[in-house]
Amino acid sequence: MNIVIQNGRVIDPKNGVDRNSPLFIADGKIAGLGEAPAGFVADQSIDASGCVVCPGLIDLGARLNSIEAELAAAVAGGVTSVVVPPDADPPLDEPELADRLVHRGAEIGKARVLPLGALTLGLKGERLAELAGLKKAGCIAFSQANKTVIDTEALLRAMEYAATFDFAIWLQPQDYWLSRNGIAHEGEVASRLGLAGIPVAAETIAIGTIIQLVRDTGCRVHLTRISSAAGMALIQRARHDRLPITCDVGVHHLLLTENDIGYFNPHARFTPPLRAQGDRVALSTAAASGLAAICSDHTPVGADDKLLPFGEAKPGATGLEVLLPLTLKWAEAAKVDLSTAVARITALPAEVLGLPSGHLGVGAVADVCIFDPEATWQLTTDALKSRGKNSPWIGYMMTGKVKTTLVGGEMVFQAA
Amino acid sequence: MHNPQLNEDGQLMHLLSVEGLPQKILTQILDTAASFMEVSARDVKKVPLLRGKSVFNLFFENSTRTRTTFEIAAKRLSADVINLDINKSSTAKGETLLDTIDNLVAMHANLFVVRHASSGAPFLIAEHLQRIGRDDVHVVNAGDGRHAHPTQGLLDMYTIRHYKKDFTQLRVAIVGDILHSRVARSDIHALTTLGVPEVRAIGPETLLPKHLDKLGVHVFHDMNEGLRDCDVIIMLRLQNERMTGALLPSAGEYFRHYGLTPQKLALAKPDAIVMHPGPMNRGVEIHSAVADGSQAVILPQVTFGIAVRMAVMSIVAGN
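If you read the protein sequences in the order shown, they are chains A and B. Numbering (the numbering used here) for the first sequence: 1 to 416. Numbering (the numbering used here) for the second sequence: 417 to 735.
FYI, nobody ran anything at the bench for these hints, they're computed from the structure. Backbone N, C-alpha and C define an ideal beta-carbon position, used for all residues, glycine too. Some hints could be false.
Said to hold, decoys possible - Below, computed lysine-lysine pairings styled on DSBU-like, alpha-carbon distance capped at 30 Å:
#1 A:K314 / B:K630
#2 A:K389 / A:K401
#3 A:K314 / B:K462
#4 B:K462 / B:K440
#5 A:K314 / A:K401
As the list claims (entries may be wrong) - With the C-beta cut set under 7 Å, the calculated list includes, among others, these residues of chain B facing chain A:
#6 L514
#7 S534
#8 S535
#9 L540
#10 R577
#11 R601
#12 P625
#13 G632
#14 H634
Working from the sequences, and respecting the hints, build out all of it.
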């Protein structure tokens, strides 16, 4: 099947491309840009007038509670690869479970499913899971999701073991003791509203520990969902020291702060918590500079689990279908150009994962997102394909609408 | 940000928190309470303002004292009062907070008095009532988590006004476990809204919330320094579970530093009043000689509390 995408603005940050040009796809791969490859005859032509043609989005964190609906949501949001944390029920701690998830994802045939295996059995932070077995079953790395390895010796051993096989470990840095009772950033808002606080030190202490263990073990670590300016500063220093550490931020943390809790809005409850304005600015700077990738941290939560007092409501927000418009919103506010913004949700996540995708160079897999950067739409619960209708943005206008999504040259989504 | 306790005309629909209420509403409540003081002195202690209305006391957390004063206040307004001890009934069977509310609204409840262990629970209920279009049903917060206890805050203001007349010349100290205290938060907002020029918080760093200065409060760690020249001293209860562990070494050490003794009281102005929301821990936060002394106004607080709760219920249900 040969496809040509015409009249679009092709943005391929990794290859420094940003120009109006046709894009040619053959046999599920990118076959050419601008000039048709020799002998190319298009079976199908897609008109991308007024649209951006970019690599399919790679989301570094999305929970797929009901896999069919969530993968449909992914491609509707232009996301062609999703990294799935292991905190499903049951946790992804056996090769068989990973195997089943990968096959189920392939069967559904929408976005690519990239599972993170559980680092420890039951995510309990005690006994190591069968990492090599999980890897063979398709896990791309190992993680504790947002659970902590409390026992520092267990963490050290896990990192040594992972380093032996050159496996990467993904950790959400949060000191157990300083965060276990907290429900909001320990700041002005928590003090006013009488919410138990989680201090920034909960994050910096954990990052400090991990950095030290990376120094000692050489284990590759990806730090997820950084929330504070001080945490980001530690990571920047570690990168400066050439340690093998990468990180990401949830897109909501680039746009919201503790003040958005307002009068106990449960949709503003996140793990880690939304922090102060200075923290948000530092995260934004890190995303702009390329220190941090941006992900959706997609967490579908049923209405019953949100319609509760703030401290009892489940944290998290739906994200797959708003990752692109919220990233564009951030880019506009932070005065980041479109190509850089696209890079943070395509090329940079691919680099974190060590994947050959995330770009539109000749020979790359044809995972493509076509979106209208000017189109506006209202975020309503009905507009979401995800089962997760939980969002602090319900009722808001979003700018940027996905028109068509291709995975491996197959059209997996087309806007009505 | 929309303040869910006021209606479009700026009138009080629910009392959820003192924060965000204009001074004129606080004064309206205090003035109305003053008019009810006379009712409590009568032989027939009743006015017909809430006749035919149903007040549901929804206590998700135990409290005999606050519930009783709300019950008395509602009865003096001629309301029917239904007491529900929720933690033992429906929620134990898995019913959600809002399911409970829907059921009670179907039973024609007019006013909910809510106590809940989670900060913000009364806001959730008020927002839910608005969503289902029941602006004829009202919520009064009787204490939510560490967040607010607005009727206690208002009765404290009533007490201060009763003894000191003018808020704008006062120095008020709040002493003790401010971190976990919903009373302290309500007092702080009420005092600053009513124009008290100097509000002090006295306690060890482990019992003080961060960024208290942003609420307009001066923090003191040394009680002797903090009490100097104060007109009003509000002592807070130290919960048993805070007395040992990481927050404080012992009740004894706490009393030595932050217990109100006659010697420390002497540092305040000679006519300073001593308040306490009750129940008191004698010998932990307050010496008996002070609790029973001439400067203590702890029992009048309880009496004023009934009038203040009558005022709040009659105002919200009347709007």
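Hints versus structure:
A threshold of 30 Å between alpha carbons decides the hint, and for K314 of chain A with K630 of chain B the separation of about 29 Å falls inside it, so the pair holds. A C-alpha spacing of about 18 Å is found between K389 of chain A and K401 of chain A, which places the hinted pair at or below 30 Å, so the restraint holds. Straight-line distance between C-alpha atoms of K314 of chain A and K462 of chain B comes to about 46 Å, which puts the hinted pair past the 30 Å bound. Note on K462 of chain B and K440 of chain B: the hinted pairing holds, with a Cα-Cα distance of about 26 Å set against a maximum of 30 Å.
Restraint check for K314 of chain A and K401 of chain A: satisfied, since their Cα atoms lie roughly 28 Å apart, inside the 30 Å limit. Interface hint at L514 of chain B: satisfied, since its Cβ lies 6 Å from the closest Cβ of chain A, which is below the 7 Å cut-off. At its closest, the beta carbon of S534 of chain B sits 3 Å from a beta carbon of chain A; the interface hint therefore holds under the 7 Å criterion. Look at S535 of chain B: its Cβ gets to within about 4 Å of chain A, closer than 7 Å, so that hint holds up.
This hint holds: L540 of chain B has a C-beta 6 Å from the nearest C-beta of chain A, less than the 7 Å allowed. A distance limit of 7 Å between C-beta atoms decides the matter here; for R577 of chain B the minimum to chain A is near 25 Å, and the interface restraint is violated. Hint status for R601 of chain B relative to chain A: holds, with the closest Cβ pair at about 6 Å, below 7 Å. Contact between P625 of chain B and chain A, as hinted, is supported at the beta carbon level, the nearest pair being about 4 Å apart and thus within 7 Å.
Here the hint on G632 of chain B is broken, as its CB sits about 11 Å from the closest CB of chain A, past 7 Å. Among the interface hints, the one on H634 of chain B is violated; its C-beta lies about 15 Å from the nearest C-beta in chain A, farther than the 7 Å criterion.
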